[in-house]
Each structure stands twice: as C-alpha cells, then as structure tokens.
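In terms of the numbering used here, the sequence shown opens at residue 1202 and continues consecutively.
Hints listed in this document are in silico derivations from the structure and should not be mistaken for laboratory results.
Note that the structure is predicted; figures quoted are calculated from it, not measured.
Please note that a few of the clues may not be correct.
Label pairs and their calculated CB-CB ranges [to be verified]:
{"id": "1", "residue 1": "ASP1449", "residue 2": "LEU1321", "range": "28 to 34 Å"}
{"id": "2", "residue 1": "GLU1346", "residue 2": "PHE1324", "range": "46 to 52 Å"}
{"id": "3", "residue 1": "ASN1344", "residue 2": "LEU1302", "range": "24 to 30 Å"}
{"id": "4", "residue 1": "ARG1404", "residue 2": "GLY1265", "range": "44 to 50 Å"}
{"id": "5", "residue 1": "ILE1398", "residue 2": "ALA1470", "range": "17 to 23 Å"}
{"id": "6", "residue 1": "LEU1302", "residue 2": "ARG1370", "range": "24 to 30 Å"}
{"id": "7", "residue 1": "ALA1375", "residue 2": "ALA1455", "range": "17 to 23 Å"}
Where a beta carbon is used, it is the ideal one built from N, C-alpha and C, also for glycine.
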Amino acid sequence: MKRRIAVERWLRCLVLCAGAFSTAAAIDLDGFMRSKGHGDVAFSLTSEGYDEFWAGESKVSDPGVGDVETQTVSLWMAYGITDDCTVVATVPWVDTEGDGLAGFEEKDLQDLTIVGKYRLASFGSSIRGQLIGGIGIRTIASNYEANAPVDVGDGTADWLVRLVYLLQRGRFYASQQVGFDLRGGDAPDGYPLYTEIGYTRGRTTLTGLIQILRAESGTDIGDPGFTFPSNEEEYERVGLKAFIRLNDVYGLSAMAFATRDGRNTGDTAGLSLGLNFSF
1202 MKRRIAVERW
1212 LRCLVLCAGA
1222 FSTAAAIDLD
1232 GFMRSKGHGD
1242 VAFSLTSEGY
1252 DEFWAGESKV
1262 SDPGVGDVET
1272 QTVSLWMAYG
1282 ITDDCTVVAT
1292 VPWVDTEGDG
1302 LAGFEEKDLQ
1312 DLTIVGKYRL
1322 ASFGSSIRGQ
1332 LIGGIGIRTI
1342 ASNYEANAPV
1352 DVGDGTADWL
1362 VRLVYLLQRG
1372 RFYASQQVGF
1382 DLRGGDAPDG
1392 YPLYTEIGYT
1402 RGRTTLTGLI
1412 QILRAESGTD
1422 IGDPGFTFPS
1432 NEEEYERVGL
1442 KAFIRLNDVY
1452 GLSAMAFATR
1462 DGRNTGDTAG
1472 LSLGLNFSF
C-alpha cells in the first residue's frame, strides 16, 4: 500500500511538469488529483524550432520567415481545494524569433490559464479507474501582437471544458483527455485530445504521449483577408518524457517532442526540462 501511494504521488508530479510543456493552443489535464491542502509547483524551460510550416495542408518554407526558434519559461501550479477538487493554473513567458528577411521577433507573457477539475467517479480494485471533469478559462496575460506569422499567442479569451479518464494497474497508468475550447474573437473553436501511457520503476517514470488538436473551422494561411488567429490550426505531436524523484519534495523532468502532421502550424520539434516542488 505504501509503495502504491508513493508511485501515485510521483505520477502526479510527472504529469504536472508535462502540463508546463503544453502549447498555447491546449492545456493538457490528467486524472491525478491533489489531496486537500497539498499541491505542486513546476518550472520548465522549453526550446523548440522549425524551418517549415503548413500553409493549409501544404508544407512550405518562406525566406521571409526563415528558421523560427522559440524559448518558453513556464510556471505551472496545482492545489487541492478538497480531495475531489483540484485547481490548476499556468502562465508562460515566450521568446520567439524568425531569422528570415522580415525579421519577426516577439517576447512577452503569453496567456494565463486556470482550470478547476473535479472527480466525478472512481471505481475498480486491481484495475482502478477515475473519471475527471474540468472547466476553466484562458486569457491574455500581456498586450502582445497576435496577428503575425511569428508571435507568442492568439490574443483571445477562451472557455475550456475537459473530460479525463484514468486507468491504473500496479506501476502502469493510461490517461485519456478529450476537450472543447470555446474560443473568443475570430479564432475557431478547438477539440484537444491528449493521451499518455506511463510506467514507473524505482525513482523514474517513463511516459509516451500523443497530443492532437482539431479545429472546428477557420481560414488557411494565404486565404483572402485571413488573420493568423482565425487560422484552422491543427496538429498531431508525439513525445517521450521522464520524471526522476530526487527526494520527497523535489523532482526533475525532461521531454522530447516532434510534430507528425499539421495544418497552419509549424513543423516544430523540441526539448523541455523541468523542476518540480511538492508541498
């Protein structure tokens, strides 16, 4: 029993750090809850880049844009209001730059996201399951430029709805999120999906992930009168991450990710490192 509780605690830390690596278009939730009065804080540094992007469904390069490099520093927090209710918040600072002829560059705070998630049901013994529902908001945290080929965000205010199903057996777990983003402005509504399968051995947890975003409608890059926030941005990304428990308070995380397919988004790949603090 003590071993199972320890594994669950550090799984919560791992998925917390993973949330700090999420893109601007989606916040990824898991089924792990914090107990009342306890929580986690994670800091992460993400470096990613691309030299090709999808304009609509066609992958292209552009000398005006060039190679785009983005550095993101994120703060992610989770706190247990009750044993069945956890509040999650994140805010990233983004520095992005294209080395093309147009000289695109921007650095600023991006968006503040706050989501409350509630345990709707739990069941099972040898294979344990939980169903988690969540609702929250995402809004701009600074006055950044949103309508540019290289920018830090879409500059919208959005409502977020999430439903997460978590399965656990021994040292294995699988988590599936489905969501709906009711977007503001002229940004199309989105449907984020997030899948994780993980295994813990000793102080280390290894996890594979698939991150998918689908948009309800929108414009393509190059359409007459299009804006970048109005683009039908879609992607499929895969990644591998690891969490190492240093002691009862601190842990380190790392992740590598790449884009498999997309629409109106960069063919980006990158690495992330994170530090987690539990209290």
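Problem - Hints the structure fails to honour - result: Of the numbered hints given earlier, the structure breaks just one, which is hint 6.
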